[in-house]
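Chain A: place on chain R using the hints.
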Amino acid sequence: AQSVSQHNHHVILSEAASLELGCNYSYGGTVNLFWYVQYPGQHLQLLLKYFSGDPLVKGIKGFEAEFIKSKFSFNLRKPSVQWSDTAEYFCAVNVNQAGTALIFGKGTTLSVSS
Amino acid sequence: DTGVSQDPRHKITKRGQNVTFRCDPISEHNRLYWYRQTLGQGPEFLTYFQNEAQLEKSRLLSDRFSAERPKGSFSTLEIQRTEQGDSAMYLCASSSVLAEQYFGPGTRLTVT
Numbered sequence: 005a006q007s008v009s010q011h012n013h014h015v016i017l018s019e020a021a022s023l024e025l026g027c028n029y030s031y032g033g034t035v036n037l038f039w040y041v042q043y044p045g046q047h048l049q050l051l052l053k054y055f056s057g058d059p060l061v062k063g064i065k066g067f068e069a070e071f072i073k074s075k076f077s078f079n080l081r082k083p084s085v086q087w088s089d090t091a092e093y094f095c096a097v098n099v100n101q102a103g104t105a106l107i108f109g110k111g112t113t114l115s116v117s118s
Numbered sequence: 653d654t655g656v657s658q659d660p661r662h663k664i665t666k667r668g669q670n671v672t673f674r675c676d677p678i679s680e681h682n683r684l685y686w687y688r689q690t691l692g693q694g695p696e697f698l699t700y701f702q703n704e705a706q707l708e709k710s711r712l713l714s715d716r717f718s719a720e721r722p723k724g725s726f727s728t729l730e731i732q733r734t735e736q737g738d739s740a741m742y743l744c745a746s747s748s749v750l751a752e753q754y755f756g757p758g759t760r761l762t763v764t
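Protein chains in written order, with my numbering: chain R, 5 to 118; chain A, 653 to 764.
One chain only, chain R, in its complex shape:
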């Protein structure tokens, strides 16, 4: 069965530090990849997505992610985090085509201190 692994359960950073959150999936075929964010008290929001094309995708709020097919990875990055980035981050994948069931990782809680 397909699965998604997020390596870090809880990440603590100071403002202006760089961020990289790991995500690996297990599926050898075509995938669509997503990062969602959940700010405290809010619902899941789409941060960025990859369907095809340039493996480096840019999302909202200065986030980007790189799809490395050979490593089955889709890591999330931000060069300089802000206190307002404190949230839970979920990596998700659906296989073969978009618009089908999403498989989520367990999430990474990011705490940014000012």
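One or more of the hints may lead you astray.
[Unchecked claim] BS3-like mimics (lysine-lysine), calculated; alpha carbons at most 27 Å apart, straight line: (1) R:LYS73 - R:LYS62; (2) R:LYS65 - R:LYS53; (3) R:LYS73 - R:LYS110; (4) A:LYS709 - R:LYS53; (5) R:LYS110 - A:LYS663; (6) A:LYS709 - A:LYS723; (7) R:LYS62 - R:LYS75; (8) A:LYS709 - R:LYS110; (9) R:LYS73 - R:LYS53.
[Said to hold, decoys possible] Computed spacing ranges between beta-carbons, pair by pair: (10) R:ASP58 - A:ARG716: 39 to 49 Å; (11) A:THR672 - R:SER18: 41 to 51 Å; (12) A:ARG716 - R:SER7: 18 to 28 Å; (13) R:GLY45 - A:SER679: 18 to 28 Å; (14) R:GLU24 - A:LYS666: 38 to 48 Å; (15) A:ILE664 - R:SER18: 32 to 42 Å; (16) A:ARG661 - R:TRP87: 23 to 33 Å; (17) A:PRO722 - R:SER18: 50 to 60 Å; (18) A:ARG711 - R:ASN100: 15 to 25 Å; (19) A:ARG760 - R:LYS65: 23 to 33 Å; (20) R:ARG81 - A:LYS666: 45 to 55 Å; (21) R:ILE64 - A:HIS662: 26 to 36 Å.
[To be verified] Which stretches of chain R does chain A cover? Using the computed rule of at least three CB atoms under 8 Å from a CB of chain A, they are: (22) 47-53; (23) 105-112.
Don't read these hints as lab results, they were simulated from the structure.
Quantities reported herein were computed from a predicted structural model and do not represent experimental measurements.
We treat Cβ as the ideally placed atom computed from N, Cα and C, and that holds for glycine.
Same frame as chain R, now just chain A:
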């Protein structure tokens, strides 16, 4: 811009009771999804519809769970004979075909 809405936002029920949740998708979206999320976990897929047709159901969706989307607009998720293990956040999402999913705020169910 009206997003996905869910009702109620919170539900407390006693074990053995039936509960029903409602989801209203983004109006132009023809796909609607249900997920369940427990503490410390990512959302887990339950089922999804394209218009009124239920296209896929997870093995997580036991016989006590049933979902409908009768006119291809809003959807309901019913849980019969609730158990304490059903306590979770129930999330609804919608999308166009072959596109990303947008999530609602969820219904938090507590079974006592």
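Sort out whether LYS53 (chain R) lies within 27 Å of LYS709 (chain A), counting only the CA atoms. Since the Cα atoms of LYS709 (chain A) and LYS53 (chain R) sit roughly 24 Å apart, the hinted pair holds (cutoff 27 Å).
Starting from the range 39 to 49 Å, see whether the pair ASP58 (chain R) and ARG716 (chain A) falls in it by beta-carbon distance. holds (45 Å)
Status of the given 23 to 33 Å range, CB of LYS65 (chain R) versus CB of ARG760 (chain A): Since the Cβ atoms of ARG760 (chain A) and LYS65 (chain R) sit about 27 Å apart, the hinted range of 23 to 33 Å holds.
Check of the segment 47-53 of chain R against chain A for coverage (Cβ-Cβ below 8 Å, three residues minimum): holds (count 5)
Can the segment 105-112 of chain R be counted as covered by chain A under the rule of three residues or more with Cβ-Cβ separation shorter than 8 Å? Coverage by chain A holds here, the residue count being 7 at a Cβ distance below 8 Å.
Measuring from beta carbon to beta carbon, are ARG81 (chain R) and LYS666 (chain A) in 45 to 55 Å? Holds: the Cβ-Cβ distance is about 47 Å, inside 45 to 55 Å.
Check the hint pairing LYS62 (chain R) with LYS75 (chain R) against an upper bound of 27 Å on the C-alpha distance. holds (20 Å)
LYS73 (chain R) and LYS62 (chain R) were given as a pair; does the straight-line alpha-carbon distance stay at or below 27 Å? With Cα atoms ~17 Å apart, LYS73 (chain R) and LYS62 (chain R) stay inside 27 Å; holds.
With respect to the beta-carbon atoms only, verify the hint that ARG711 (chain A) and ASN100 (chain R) lie 15 to 25 Å apart. holds (19 Å)
Straight-line alpha-carbon gap LYS73 (chain R) to LYS110 (chain R), limit 27 Å: Holds: LYS73 (chain R) and LYS110 (chain R) sit about 21 Å apart, inside 27 Å.
Between PRO722 (chain A) and SER18 (chain R), does the beta-carbon spacing fit 50 to 60 Å? holds (52 Å)
Straight-line alpha-carbon gap LYS709 (chain A) to LYS110 (chain R), limit 27 Å: Roughly 21 Å between the alpha carbons, so the hint for LYS709 (chain A) and LYS110 (chain R) holds.
Going through the hint list in order, the structure satisfies each hint without exception.
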